[in-house]
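Trainee: From first to last, the protein sequence lines stand for chains A and B.
Position in the first sequence (first residue = 1) + 23 = the numbering used here.
Position in the second sequence (first residue = 1) + 30 = the numbering used here.
It should be emphasised that the hints constitute simulated quantities derived from the structure, not laboratory data.
Just so you know, not all the hints are guaranteed correct.
[Unchecked claim] Taking lysine-lysine and the DSS-like style, the derived pairs with C-alpha atoms no more than 25 Å apart in a straight line are:
1. K68(B) to K217(A)
2. K201(A) to K160(A)
3. K93(B) to K217(A)
4. K214(A) to K93(B)
5. K68(B) to K188(A)
6. K222(A) to K165(B)
7. K222(A) to K104(B)
8. K104(B) to K146(A)
9. K104(B) to K160(A)
10. K217(A) to K104(B)
11. K188(A) to K93(B)
12. K165(B) to K160(A)
13. K165(B) to K176(A)
14. K146(A) to K217(A)
In this text the structure is predicted, and so the values were computed from the model without any measurement.
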Amino acid sequence: MARDSGIWQNSFIFISVDFNFSLRPKIKRQQLQQRQGTKTGKKKKMHSFGYRANALLTFAVTILALMCAIASLSDNLNTPSPSAQIEILNINWFQKQPHGNDEVSLTLNITADLQSLFTWNTKQLFIFVAAEYETPKNALNQVSLWDAIIPAKEFAKFSIHTSNKYRFIDQGHNLRSKEFNLTLHWHVMPKTGKMFANKIVMSGYRLPEDYR
Amino acid sequence: MGWIGESIESIKSLQIRQVLTQGVSLGMIVTSALIIWKALMCITGSESPVVVVLSGSMEPGFKRGDILFLHMSKDPIRAGEIVVFNVDGREIPIVHRVIKVHERQDTGEVEVLTKGDNNYGDDRLLYAQGQLWLKRQHIMGRAVGFLPYVGWVTIIMTEKPIIKYILIGALGLLVITSKD
Numbered sequence: 024m025a026r027d028s029g030i031w032q033n034s035f036i037f038i039s040v041d042f043n044f045s046l047r048p049k050i051k052r053q054q055l056q057q058r059q060g061t062k063t064g065k066k067k068k069m070h071s072f073g074y075r076a077n078a079l080l081t082f083a084v085t086i087l088a089l090m091c092a093i094a095s096l097s098d099n100l101n102t103p104s105p106s107a108q109i110e111i112l113n114i115n116w117f118q119k120q121p122h123g124n125d126e127v128s129l130t131l132n133i134t135a136d137l138q139s140l141f142t143w144n145t146k147q148l149f150i151f152v153a154a155e156y157e158t159p160k161n162a163l164n165q166v167s168l169w170d171a172i173i174p175a176k177e178f179a180k181f182s183i184h185t186s187n188k189y190r191f192i193d194q195g196h197n198l199r200s201k202e203f204n205l206t207l208h209w210h211v212m213p214k215t216g217k218m219f220a221n222k223i224v225m226s227g228y229r230l231p232e233d234y235r
Numbered sequence: 031m032g033w034i035g036e037s038i039e040s041i042k043s044l045q046i047r048q049v050l051t052q053g054v055s056l057g058m059i060v061t062s063a064l065i066i067w068k069a070l071m072c073i074t075g076s077e078s079p080v081v082v083v084l085s086g087s088m089e090p091g092f093k094r095g096d097i098l099f100l101h102m103s104k105d106p107i108r109a110g111e112i113v114v115f116n117v118d119g120r121e122i123p124i125v126h127r128v129i130k131v132h133e134r135q136d137t138g139e140v141e142v143l144t145k146g147d148n149n150y151g152d153d154r155l156l157y158a159q160g161q162l163w164l165k166r167q168h169i170m171g172r173a174v175g176f177l178p179y180v181g182w183v184t185i186i187m188t189e190k191p192i193i194k195y196i197l198i199g200a201l202g203l204l205v206i207t208s209k210d
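So here's chain B without its partners, still in its complex pose (with noise of 0.2 Å):
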């Protein structure tokens, strides 16, 4: 309690100039922080370059609270890559595995079908109706890397936004009472 009282006499002892100038450095720090995701994203050449694995359906590879991260080169989509791909309709993306691959001769455009490792069938339910394969347009990018367990942040930030905003309370709070 002491403290809370402490940081309100602090923050009614600042200095505009002081606030300011503050406020302009944290500015800096969050838009190089956006750049740097940005170049994430053209490097990757995915829109979200790292995705957070929400269902149990690629058990036990990968478990709820896992992250992934994606890349997508112009390579061809081949059987045994993890994908990650957008339903039409469904606004959560899908990590499942490519079981199936038709490439045309012609176009060189692929057909693809996908599985979860857990799944008993394939995803053919999953897709929108009357749609037989993923093309594709349809996929975000390849897993290529994992880490366990970060992604639980997310998922727990997520389902209680609460503790996002108690704790970019708490940060916020340290910054302006830092005074430098």
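Chain A on its own, in the form it takes in the complex (with noise of 0.2 Å):
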């Protein structure tokens, strides 16, 4: 769930307010002490704390955004090297449904070294494997068939034996000896800053030619 742009329209306009204002030139303000006369030296505290709470805020706000963005940009200083092997052990069955859809269901083989994609500001690596095909009707189907989310290096070097995770059905009944591609996808989540994706093509699959 997600929050509507109206809230953060108000809050942009807001914080714009508070920077424009901590950052008007201090000699405006040293005039204006000395408009005011020797007022007692407790008034002049009280406004500098206004002052300086707000300026203390815009520049935490700032050097934070910086230091935030500089993470994200060492992030493209890594080059990696990832390498996966997907099989196919078994297909355990492969259906028409009631409706009309082509269903099948397969145990898969899956081994991969992800540890190059990690870096300092990642925290996890989602990845999944889909299948992808492409039908009379449709240009293209990617259908995903399992995922995984990878907290931390240390297990991203792994092999899995599974069945699939999400149903693989066809819009239609075109599954029948068809060709498909395996993709393994991966989903890097920074700690903060930009995501990247990319993903890993194996085919030369194929489905049966005939229900079981």
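These two chains come separately, so use the hints to put the complex back together.
Mentor: This is the structure:
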């Protein structure tokens, strides 16, 4: 769920007023204090508390934003070299649904080494395996079969036996002897900043000619 | 308490012209901020270039209170992208990941199924009655970047509006009593 933009517009305006206020030239402020004459020292202190708090806040926010931007830019220095193999161990069953759509269930062996994708600014890696194929009606079909979250570099080299987590259902009944690609996608989710995504495409897989 | 008294004194001693000048410069700042915001909307191509995550359905990737930067380009929607979409009849947009894509040969239209990373099932329960797929018109943008924790300010201001008024009041008071 996400919040709509109205509140963000207001926050943005509020922040710009705040920034503008704290960036006003200091000279004017000194002239102003001279104009007010020699009022009590306590009055000046009270005024400068407000100014100081405001200036401190805007400075802190600016520095934080700068640090986040630099952290994100440092991700570009990393040159990843991931590798993966996927093997179809078994076609568990292959049926036509009552609604007319084909469905197939597979068991896969997924082996991958994604350790080079991790940087100091990486919070987690979201990976998923998708089957991609073409049908007469659809130029492209992408169906996610399995996904996982890799929270740290140690877990990024793995080999797993699994049946498909999500149902492999076609829009229609085009899957008999269908050739398809299996792609391993990864999505680098940073601690802060820009997200990166990429994939490895493995082709040459084929579904059986008849329902089982 | 003395501070409030001094502020009231300084407000009373303001001249009309000064007040108007300050009002005009404040107005200028506000409108230029609005211009920048609308320009951002144009550049990113999305109605809402920034959104706050409200629920935990994308944990541990996005927690409640994180903000996401959105971008909408003409590129086709592909599996794995994190999209923000509106469902007819629901006012709050949802941020989830695309898990299935079916793109038509003839029209190039796509039908998309989404799922939150932390949810067990896909989003068909969240779609409108009888709706099985999302189309491009439902999608507001793709998430391209993110900042943690910053969104809590917005959540607090929305759920306890009194804080919003206090902050605006304090800033307004500072601006008025600055007298330059």
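Trainee: Checking each numbered hint in turn, tell me which of them this model violates, lowest number first.
Mentor: 5, 8 and 13
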